[in-house]
Amino acid sequence: MVAAVRWAIAERQAFAVSGSGSKLGWGRPGEQTASLSLSALDGIDLYEPEELVLSARAGTKIAELEQRLAQHGQQLAFEPPDLGPLFGGAAGAGTLGGAIGCNLSGPRRIAAGAARDHVLGFSGVNGLAEPFKAGGRVVKNVTGFDLSKLLSGSFGTLAVMTQITLKVLPAPEEAQSILVFAAAANAAIEIMGAALRSPHELSGAAYLPARAAVRSRVAALAHGRSVVVLRLEGAAPSVAARRAALQDLLRGHGDIAELATPDSRVLWREIRDVTPFISDGMRAVWQVSVPPAAGATIVALASADDDVFFDWGGGRIWLASEHDVATTTIRIRAAVAAVGGHATLVRATDAVRRTVPVFQPPSRAEAVLIARLKDNFDPHRILNPGRMYEGL
Amino acid sequence: MRMPEPDAAVIARKDEIAQALSDLFRADEKAAVITDPVQLRAFECDGLSAYRMRPLCVVLPETTEQVARVLRHCHEHKIKVVARGSGTSLSGGALPLADAVVVGLSKFSRILDIDYANRVVVAQSGVTNLSISEAVAGEGFYYAPDPSSQIACSIGGNVAENSGGVHCLKYGLTTNNVLGVELVTIDGEIVRLGGRHLDAGGYDLLGLITGSEGLLGIVTEVTVRILRRPEVAEAALIGFPTAESAGACVAAIIGAGIIPAGMEMMDRPAIHATEAFVHAGYPLDAEALLIVELDGPAVEVAYLRERVAEIARSVGANSVQTSTSEAERLRFWAGRKAAFPAVGRLAPDYFCMDGTIPRAKLPFVLTRMSEMSAHYGLGVANVFHAGDGNLHPLIMYDVNKPGDLEKAEEFGADILRLCVEVGGVLTGEHGVGVEKRDLMGEMFTETDLDQQQRVKCAFDPDSLLNPGKVFPTLHRCVEQGRTHVHHGELPFAHLPRL
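Chains A and B supply the protein sequences, listed in that same order. According to this note's numbering, the residues represented by the first sequence are 576 to 967, in order. According to this note's numbering, the residues represented by the second sequence are 41 to 538, in order.
By construction, these hints were calculated from the structure, which means they are not laboratory data. A few of these clues could be false.
[As the list claims (entries may be wrong)] With a straight-line cut-off of 30 Å between C-alpha atoms, the simulated BS3-like cross-links for lysine-lysine are: (1) B:Lys401 with B:Lys447; (2) B:Lys70 with B:Lys210; (3) B:Lys210 with B:Lys118; (4) B:Lys147 with B:Lys118; (5) B:Lys210 with A:Lys708; (6) A:Lys636 with B:Lys147; (7) B:Lys441 with A:Lys708; (8) B:Lys401 with B:Lys441; (9) B:Lys70 with B:Lys54.
[To be verified] Each pair of labels, with its calculated beta carbon distance range: (10) B:Pro77 with A:Pro774: 34 to 44 Å; (11) B:Arg308 with A:Ala815: 48 to 58 Å; (12) A:Gly663 with B:Pro44: 33 to 43 Å; (13) A:Ala875 with B:Lys54: 50 to 60 Å.
Just so it is clear, CB atoms sit at the ideal spot from N, CA and C, and this is done for glycine as well.
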């Protein structure tokens, strides 16, 4: 890796850095002249289940990690989405470096934290060809600046991570769901809010309007009614007790149904992977993060024929639209500005992503810091230049 | 402990500097500038009281805009700044410098908003950790990170140090519970990072600020997530004949897929010191004691209680005692929470160390520590966040005995080197500050430290914020970029503001 970056410095080349390339459609098309694939840099270097820690090379497939963890009843609690299919690729291709580089967090984000919260440390190479490490292999560590956070979600623009150490956690015995059939987005926000304010420890709260619900493979959703999905995970007796208590709490909000663990797992995987929007070809897709109670007001500003669904109790909105991407982005970001948050254009054509800012434009003061960080880690603009922001 | 050589020229202009700072405030503003030597004495040290220094002066602003004015002025005149919350740092993070202005956040004491709909609290940075939990207790909520200084420490200080507490095994550290901050940079820019929503859209500057020990900016406002208080919480006291069996119990509980709300260990000296002090009912025949707290729905706690007791017996526990009332649970914790003052009764002075190790190395590390204790002739008592491997050895010494302080410092450094040697780190939750600054090389190479300096240079190129902390040597910031951004100049100018 060091040699590759040295070569790029000497030859004035710029790399498109990738793992398996499953999410190359996310971000700006970039200004690279060469590519650097980490897919051959794979393998688990350390896994100690009783220490809840795992280190693997950046090119290791997430699917491989999940399989290995499952053998010991453990999991990646941040539930990384498999977004390959959303970009027209195969399922199961995503790598560890890709998941962390994009800070990919699934529905369990609300209970277990984001991808970045599970990174204990890493080794990498910056744009000056300097190999370095940060963090460690223990959960509690405040030794020096938290570079693991800075690198998570930086889309490979500051340094290339070669090895990543993660906190892993026990997988729950049971993962059941409660379905509340409720028509409108604002009612759904209220139901999810009430459930999340209860002591019943939800690990997922989503709302699928009829158009998204009908696309699920789960039979209970097939009749295409708008539905709130609430997930309860843990030991069997605990899940049973919370399921009953939650139903009591939500009685009167709509018809309630239960979803056993197998169907529940299928449905949450669909929510995690944005499956309702996969088959729409190249219809543009946005991910919006707002205060959860504001979810419905954002959706109220969408066009009637835009498709949406909510995750994170209303705090994450997935939106697909056929309308002009530039004007839709302006509309969404104006709505987000009113409540606080950010909107990312996750899927669009190369041409569109070249002109429409993919990531939420930073404030002036924040932009100064972002530019200086890029200058300090990758002054020659070798690592994914332009992938996040033009010129950086 | 060597601090950077103070700038004599700056010290000579002390009165002039204080006057210029006072002039930044209008008559109707209640910001204060303290120069009186007697009043300054209160700011001479933080929780690491072995080190003291009188600051140039202390400024106590009242608004974010005033903080911006002060920092802009200090930046223009190249005056160093040390930020201070409640001054409870155990690593010297708020230790003043003779040629630096202390900016105290004590007037930032208001909770600005309690938002149950989004389950967040917005507070000024000087608000104490505990008062956030108290403000939402009536509705059954709380703020999870609970450092033992929570009655006094400020939420802004928690952000600076990425503070933990006994419950972070299950609920995370400050960094996992903060959603947003308002930050003033050294050039006086006010930056809002995050908010009431989850996760950043670009670089995670919020995650970077958290735990940056006052080196990157001054936090004036913090937005935190609040959680619904669990239905039931109970604690079990488990006594063990050896430290090994206690360590095995911790590994077995986690290996069984159980993440307790808290899992604390104490060794024999700590058990005896605290029992004599607060009479918590600890088993005095035990070599090691575990406090395992379980919380959640009543059924779940009952279910896990049995499993934990079973595991404890299977690894050879002498006694298992479960709290049957809230009063008893609090009594079990009272000993652990009073461990520091309890040890304080055994010796005139003590150092509280803060390394983290992989849990499995605990018996080895405890054995090595007792060997070191014999070698230095200084007593040590151990309290330990066993669930996450965070050690707090308390080294007892007498500052009035010549050579004792130096011996204690050496002993402490040896313990931290040992932590790194077994795969752990120098500090789990107290921060590097001045205390562990010179040990950074034990864990990081020069190149590793350079990357952290790259961050420092992006935020504070003149190194005016909290110099002499965290990094053993100060690097000059070189201009790396071909598009170096000068302040005032707008990057991203070509981007439409959407």
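Checked hints:
1. B:Lys401 with B:Lys447: holds (25 Å)
2. B:Lys70 with B:Lys210: violated (42 Å)
3. B:Lys210 with B:Lys118: Status violated; Cα separation ~44 Å.
4. B:Lys147 with B:Lys118: Between B:Lys147 and B:Lys118 the Cα gap is close to 25 Å, so the pair holds against 30 Å.
5. B:Lys210 with A:Lys708: Answer holds: B:Lys210 to A:Lys708 is near 26 Å, not above 30 Å.
6. A:Lys636 with B:Lys147: violated (51 Å)
7. B:Lys441 with A:Lys708: violated (41 Å)
8. B:Lys401 with B:Lys441: Since the Cα atoms of B:Lys401 and B:Lys441 sit roughly 34 Å apart, the hinted pair is violated (cutoff 30 Å).
9. B:Lys70 with B:Lys54: holds (22 Å)
10. B:Pro77 with A:Pro774: 34 to 44 Å: At 53 Å between Cβs, range violated.
11. B:Arg308 with A:Ala815: 48 to 58 Å: Given about 42 Å between the Cβ atoms, the range is violated.
12. A:Gly663 with B:Pro44: 33 to 43 Å: This hint is violated: roughly 56 Å between Cβ atoms.
13. A:Ala875 with B:Lys54: 50 to 60 Å: holds (59 Å)
Of the hints listed earlier, those the structure fails to meet are numbers 2, 3, 6, 7, 8, 10, 11, 12, in rising order.
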